[in-house]
Amino acid sequence: MQVNRRQFFKICAAGMGGSSLAVMGFSPAVALAEVREFKLLRSTETRNTCPYCSVSCGLLMYSLGDKAKNAKLNIIHIEGDPDHPVNRGTLCPKGAGLLDFVHSPNRLQFPEYRAAGSTEWKRISWNDAFSRIARLVKDDRDKNFIAKNAEGATVNRWLTTGFLAASASSNESGYLTHKVVRSLGMLAFDNQARV
Amino acid sequence: MASLAPTFGRGAMTNHWVDIKNANLVLIMGGNAAEAHPCGFKWVTEAKAHNKAKLVVVDPRFNRSAAVADYYAPIRTGTDIAFLGGLINYLLAHDKIQHEYVKKYTNATFLINGDYQFEEGLFSGYDAAKRSYDKSTWSYVIGADGFAEVDETLANPRCAFNLMKQHYARYTPDVVSNICGTPKEQFLKVCEMIAETSAPNKTMTIMYALGWTQHSVGSQMIRTAAMVQLLLGNVGMAGGGVNALRGHSNIQGLTDLGLLSNMLPGYLTLPGEKETDYPTFIEKRTPKALRPGQLNYWQNYPKFHVSLMKAWFGDAATQENNWAYDYLPKLDKVHDVLQVFEDMHNGKMNGYFCQGFNPLAAFPNKAKIGGALAKLKYLVIIDPLATETSEFWKNFGEYNDVDSSRIQTEVFRLPSSCFAEEDGALVNSSRWMQWHWKGAEPPGEAKGDPEIMAGIFSRLRDMYKKEGGAFPDPVLNLTWNYAIPDLPGPEELAREYNGKALADIADPKDATKVLVKAGQQLDSFALLQDNGSTASGCWIFTGAWTEKGNMMARRDNADPSGLGETLGWAFAWPANRRILYNRASCDPAGKPWDPKRSIIHWNGSKWVGFDVPDFKPDSAPDQGMEPFIMQPEGVARLFALDKMVEGPFPEHYEPFETPIGTNPLHPKVVSNPAARVFKGDLEQFGTAKDFPYAGTTYRLTEHFHYWTKHAVINSVLQPQQFVELGEELAKEKGIANGSMVTVRSNRGHIKAVAVVTKRLKALTVNGKTVHTVGIPIHWGFKGVAKNGYLANTLTPYVGDANTQTPEFKSFLVDIEKA
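Sequences listed follow chains V and P, in order.
Its first residue numbered 170, the first sequence is counted upward by one per residue in this note's numbering.
Its first residue numbered 1469, the second sequence is counted upward by one per residue in this note's numbering.
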């Protein structure tokens, strides 16, 4: 019978006297002096990379929750991945603070809208946000799209709306963003590589 | 990046982080890796500890990299071309170059157009009214056979080598010291240490970052360094190279994917409006070899372009419609961010999206940026954090003093997930594409970027379907075959940019054999076709997600060579090569220059080794193919032809705000003659009369740009805005350490705590004492740190002439007690 300290006390509390259980040979295999279980043992480990600089250090993220359908994972610890050939388990002062970025009080939670001239945000639904943005985009594009230039050459460009993409976003986000932006004929398009 | 591609063929860090340990000498200049890239810098420490390497740091400030260097030399900000040009002169004058490498692997022997010249600070072809060059004389002499002419003896005075020698002969140690403020003996000591690596079995690696890119001559600073490395024979070698330490975690990836005004994925380019005809467009981008027997890899350009158009537009891209050529917007000019905010400021734009980008903090002259945003009709913010840009319309007292009621911009703010809440890949500085996994759901209702883009796009497409509108074809025909159309999955997107066969691909050597079946993922860009039978969204990424699965998720860190070539870890573009141009690590006969650092070699029938050869695997050394396979001439360029805006050889030009008010080399041409300056911004430049000190911005190890002020622990470590000044200046101005000061430029002011140090020393430049004021950038009016001023309140609105990267590193300020 393998029991740890916590289970041992549970069994004891369930009815039998602790001493009698021990007498019967059910003593815990590990020392009773153990303080408490290391909490990372019961967390889920996920591999990631640091989103800050371009060293892209390997990370181990530990979340409470086991990825079961209704369990909501909550990241409680982030450290360097010792298997990673570049950082070999280390993190710098930026990376060591990543947990506080993930849980920053300034993380945005809901779509919001600020009306012209207003001093405040109003919460809106995703559906409202998407539909209203799409409408603004389409109206501007339809009105200002340049199909031909002064020489009559086909140019199919749209210059009155622009897009800045994030160079901390993934390849997959970036690829999809590029596809969408170019299909609209947009040229005012950049990412942080420029600055 | 705009300098490495013209020189070597690709715009990326040549080597990789772990490889730094193989260096004999590490030069950190234009960067501060110990502070900004600490876990990469550990490989410098490793090189020092286990390879007896020396570390040399050249910087305006005795920074944290300098603190652990073997040798430090100060330099005035913005004068690195003078320093490195002086180094080139030293190497040539003291015959400290690797002769065989220079002769065989660079364009040293190539003859240059007889009309090319350089005089009084200007190259041939300058048009002062347009502030630009007619670059037609910056070219090779082409022989009757269509190939560039060379003189292997280097006797011809029109050899690129001799023109280079002549160009830099002006950069004597005295001239360098006079411009840079570096004491002559310190400059010479650095030259001496670097010159030692001209031995074939010695290498120097150069590490740089924004300290070189953020100048009006930034690209040319990097090119000067690239030329130095070519003269020393350090490119392609383990422990060598020119290593661009990129800033953001995926700045390499987004550049590779072409998210820039004039680019398409994989360094393909958008057409200009004069390119009305598809065959001419494609022909112009498909170079012919300039020397016999060269691989000239860009000859495959049509395959990459057609495969991209098939990936994006599927069946709508056909041979008949020139692969949907009309779907691509045609450029009138480059709409880089400085151009865009100039247009916005002039009321020419209506809408703007900021996806994980904070331009109010990140672009120069905050007053102009805020004023420009206020002229928009709508602004859409997609970000995990509450950025300053998202609240540019809100009054934050002295930090953002605006009247909300007068700002008519509608603003949407959409919460996005962060790295920890998604699956996907980032490309690090070493070109490694590394997959990462989701560890939790994003907070509240936040969504991933692909879902947000899909949400907007699907509604837009539905509207075009129902209502019609301006040229709906590309919108309606954009490939969108994702299993859940409103939620494109990262795996699906990765498979799409990798590419697949649309029809069976036959073996070109044996038509009865099928190499890849229709529908299968491709494992190499060598399989791409120009007839529409393959699709690939980013050709250089082909191989990242093959029939074998996700190569980016590989985690075998085995390093059989001991040189750090972990080929089983993730996937490095192109083709999993870890050190670019590695053919140049061997002599012309195919033997490694340094047997102890052998990464590839010729085994008699093919190229083999610890790295994937960056070369045609079966091209024998006697066939004469040269190592720089992306270049039509097969060699690297000392003379950059017409690929750089302001000249084929880098020349020292002063920052637009110069503390000495002249250019000692040519007083009539002070600053970059080909840099674009808008009229309103020219009027806002200051002079040394009113703003006598050199201002420079920099970063701290505790913070990352404007993000980490939202993280509690980082804000505890560096809670409050400060500026750094030297003891001499502090004494002169009566500023006590820890007191409040005001720093002004001609565009605005900031207030901050004064930190008086020994790290910033006054330099003597052109007979004048020049002090430097250091301005860390990390504060703003949103976050959990103490509110502060955005540092870009001070910086000038002018960029590098090639990339338009703003001149954040060199400008003029005044400082006084607050």
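FYI, nobody ran anything at the bench for these hints, they're computed from the structure.
This one's a predicted model, so the numbers in the text were calculated from it and none came from an experiment.
Treat the hints with care, as some may be off.
[Stated by the list, open to error] To list a few chain V residues with every Cβ distance to chain P over 10 Å, as calculated:
| hint | residue |
| --- | --- |
| 1 | Arg205 |
| 2 | Leu209 |
| 3 | Asp235 |
| 4 | Leu242 |
| 5 | Val271 |
| 6 | Lys307 |
| 7 | Asp309 |
| 8 | Tyr344 |
| 9 | Arg351 |
[Stated by the list, open to error] What follows is a set of in silico ranges between Cβ atoms, one per label pair, in the way DEER data are often shown:
| hint | chain 1 | residue 1 | chain 2 | residue 2 | range |
| --- | --- | --- | --- | --- | --- |
| 10 | P | Pro1651 | V | Glu320 | 53 to 63 Å |
| 11 | V | Ala322 | P | Lys1933 | 56 to 66 Å |
| 12 | V | Asp308 | P | Arg1874 | 37 to 47 Å |
Ideal placement from N, C-alpha and C gives every residue a C-beta, glycine not left out.
Each hint, compared with the structure:
no.	hint	in the structure
1	Arg205	holds, 24 Å
2	Leu209	holds, 13 Å
3	Asp235	holds, 12 Å
4	Leu242	violated, 4 Å
5	Val271	violated, 5 Å
6	Lys307	violated, 5 Å
7	Asp309	violated, 5 Å
8	Tyr344	violated, 5 Å
9	Arg351	violated, 7 Å
10	P:Pro1651 with V:Glu320: 53 to 63 Å	holds, 58 Å
11	V:Ala322 with P:Lys1933: 56 to 66 Å	violated, 28 Å
12	V:Asp308 with P:Arg1874: 37 to 47 Å	violated, 24 Å
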